[in-house]
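S.K.: One-letter residues, chain by chain:
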Amino acid sequence: MANKIKVICLVFIGKIFSRLSRLFNLGNGSTWPGQIALLIFPEILTYYESHIKKGIILVAGTNGKTTTSQMLSTVLNNSHFCVIHNSSGANLLNGIISCLLINSDFHGRLLADYAIFEVDEATLPQILHYLTHKNLSIILLNLFRDQLDRYGEVDNIARKWTEAIRNIPKEAKLIINADDPQTAHIGIHAARLVYYFGLEDKNLYLKSKEHAADSIYCPNCGEKLIYHGVYYSHLGVWECAGCKETRPKTHLNNWPQPITGLYNLYNTLASVLTLQILKLSDFEINTGFKKFHPAFGRQEVFEIDGKRIIILLTKNPVGMNVAIRSIIQELKLTSGNKGGYFLLALNDLTPDGRDVSWIWDVDLEELVKNSIMLICSGIRSYDLGVCIKYAGCKNFIVETNLLNAIKKGLHSISPGESLYILPTYSAMLEVRKILTGKKI
Amino acid sequence: MNDIVLTIGWFYPELMSTYGDRGNITCLLQRMQWRGFQANIVSLDREASLREIKKIDIFVGGGAQDRQQEIVMRDLRGEKSKLISDMIENHTPGIFTCGSPQLLGRYYEPAFGKRIEGLGIFDMVSVHSGIGVPRCIGNIVVKTGDFFNKYKDFKNYNNYLVGFENHGGRTYLGKNVKPLGRVVMGFGNNGEDKTEGAIYKNAFATYLHGPILPKNPFFADLLLSLALEKKYHKKIQLEQLDDELEQKAHDFMVKRTLAA
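Line order of the protein sequences matches chains A and B.
At position 435 of the first sequence (counting the first as 1) the number is 435 in the numbering used here, and the numbers step up by one without a gap.
Throughout, the numbering used here is defined as the position within the second sequence, counted from one, plus 440.
No lab work stands behind these hints: they were computed from the structure.
A portion of the hints provided could be inaccurate.
What the hints assert, rightly or not - Straight-line Cα separation of at most 20 Å, EDC-like style, residue types lysine to aspartate or glutamate; simulated pairs:
#	chain 1	residue 1	chain 2	residue 2
1	A	K394	B	D683
2	A	K160	B	D506
3	A	K408	A	E303
4	A	K389	B	D682
5	A	K394	B	E684
6	A	K389	B	E684
7	A	K224	B	D485
8	B	K592	B	E684
9	A	K224	B	E510
10	B	K674	B	D593
Said to hold, decoys possible - Output of the computed footprint for chain A on chain B, the stretches with three or more beta carbons under 8 Å from beta carbons of chain A:
#	segment
11	506 to 512
12	641 to 652
13	680 to 689
To be verified - Sample of chain A residues at the chain B side, in silico, Cβ under 7 Å:
#	residue
14	E153
15	W360
16	D361
17	Y390
No residue lacks a Cβ here, since even glycine has one placed at the ideal position from N, Cα and C.
Pulled out of the complex, with its shape left as it was, chain A reads as follows (with noise of 0.2 Å):
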């Protein structure tokens, strides 16, 4: 009883701020009430599971968690599924309690059939510690080098989540992709019930393989793995010479996908296989595909005077490489092989990581020769300049300031153009209030 009183408290509060803070346009709503909630009954979470009828759906990895939770939420709301669903990316601890919170009457009761949550990589073993619903799916999307200087080591993560896995109910299931050595690792040894995606696509395999690969050494006796075929980074066909660790056989490798770009696969694979599980039908998949619209900074598009601005979120070297290795298939299409315009946006805030380092780990070779403009912005555009004049690039603009980077890339195009801007995350959210005039 004492609890609930708290929850009311805390509901309150919650719906307050968060009312508050949009009404102010202070674009912190979604993280504080979370925050004081795990002040005062930290296990909050634990009481909230009861109210979820149908099932929790945890979405991890280091790229895809947004797109992918945003593909399952569409698709469960268009089949009448009540979800609720930390949409705006708030993916920590206090995101995701806030997130729970909000969506309460004010008797502190959630009326939910599913939960869906992007957690972020560090937070899973923390949410799993609380989670105890026997209808829990966890989604491991893939792990690559991302923010060192907060996650620490590839290893480090992928350690962590094999201790909080563990102690997962015994129902749980989870939802893993194949291609990744490091997450098919996990679910090989995890002793629960196991459902991978992978590609099993040879057309799809690179030529040669991208500098910023993590996990090519055998995560289970650490010899060289041989791969068969890579898809990119080191996503890939693979097997280990030495154990003999192989990767697992897929339960889903193809599906019509609702968004362009190969990341885009593997999200639509993840969600996908996850909806069938939850016994959705490939015809409720599909119509709810049909009503998806990609998530803020993730291929959004803005028109402005019949000029398009696309934002491309890139965080982290793998990310980033298949964002540019997607424009410039885009350009070839669509304006023949003239190249295009872009604004690179750095930012070393605690969102964005303060080490800038890994913008070294991109190959932007590819990205100069194919730009007919290309701007650096952001609070370290110097650092970003460095590395484009050492990538080969004599014609680039440094403008420190995004909104006169904006003006400087808009005027340089016409009607028609488009202008790609790929900035890290709270550049991205900059851009769009410069874009929009209002926060998320």
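Please build the complex by placing chain B on the supplied structure of chain A, with the hints as guidance.
M.R.: Here is chain B on its own, set in the frame of chain A:
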């Protein structure tokens, strides 16, 4: 001019390239080519032969995770290890960042598993303080030590080295090495004695990445001139390049880090 060539040996690029370390290679290569010189990059992977190693004019090593570090150490035994030690003893320049200094010292004790014996070229030891102890993470500014005094005539000379550090291991220097410099802001070798990095003959070990060379272009030129002098047995004057952007990036971070 065009017959001047340096061979840059890149230590285990597949295993030891975690923090944009490739930037150090690109930086040396471009700064040779912009001056009309040539440079070759040779990957010193597990397959590298002694013959290939002998040809190297500058060694470059980067950061690795503990697991990768162990694989490298298993490979760096016997003749290979002896050859590299001899070359550094004979003044072949080298820049070793993040994980690789730990390999060149006497030993490294990782967070998990057994002590890893190092090459023992640098008189220093590294110890991981355990998984519960916070890592040394953040922007770092170092004031260069006495070694650099004789290079003050470089037009792009700078008193400060700037970079980013992220290491669980703590390094302690012995008597036979000198620190690269003194920590002004950040942790450095161990967060206790204010030293950062180590210099032995013409080889440099440091926790600074960023990567260090393009952020501190005078350091890159220093390595190039040491290598050129050793190879051609005379001082070769390096033409001054336009480093305006590099200086801006450098100064911005020195100012911001010291203000923090």
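S.K.: Please list, smallest to largest, the hint numbers that this structure does not respect.
M.R.: none
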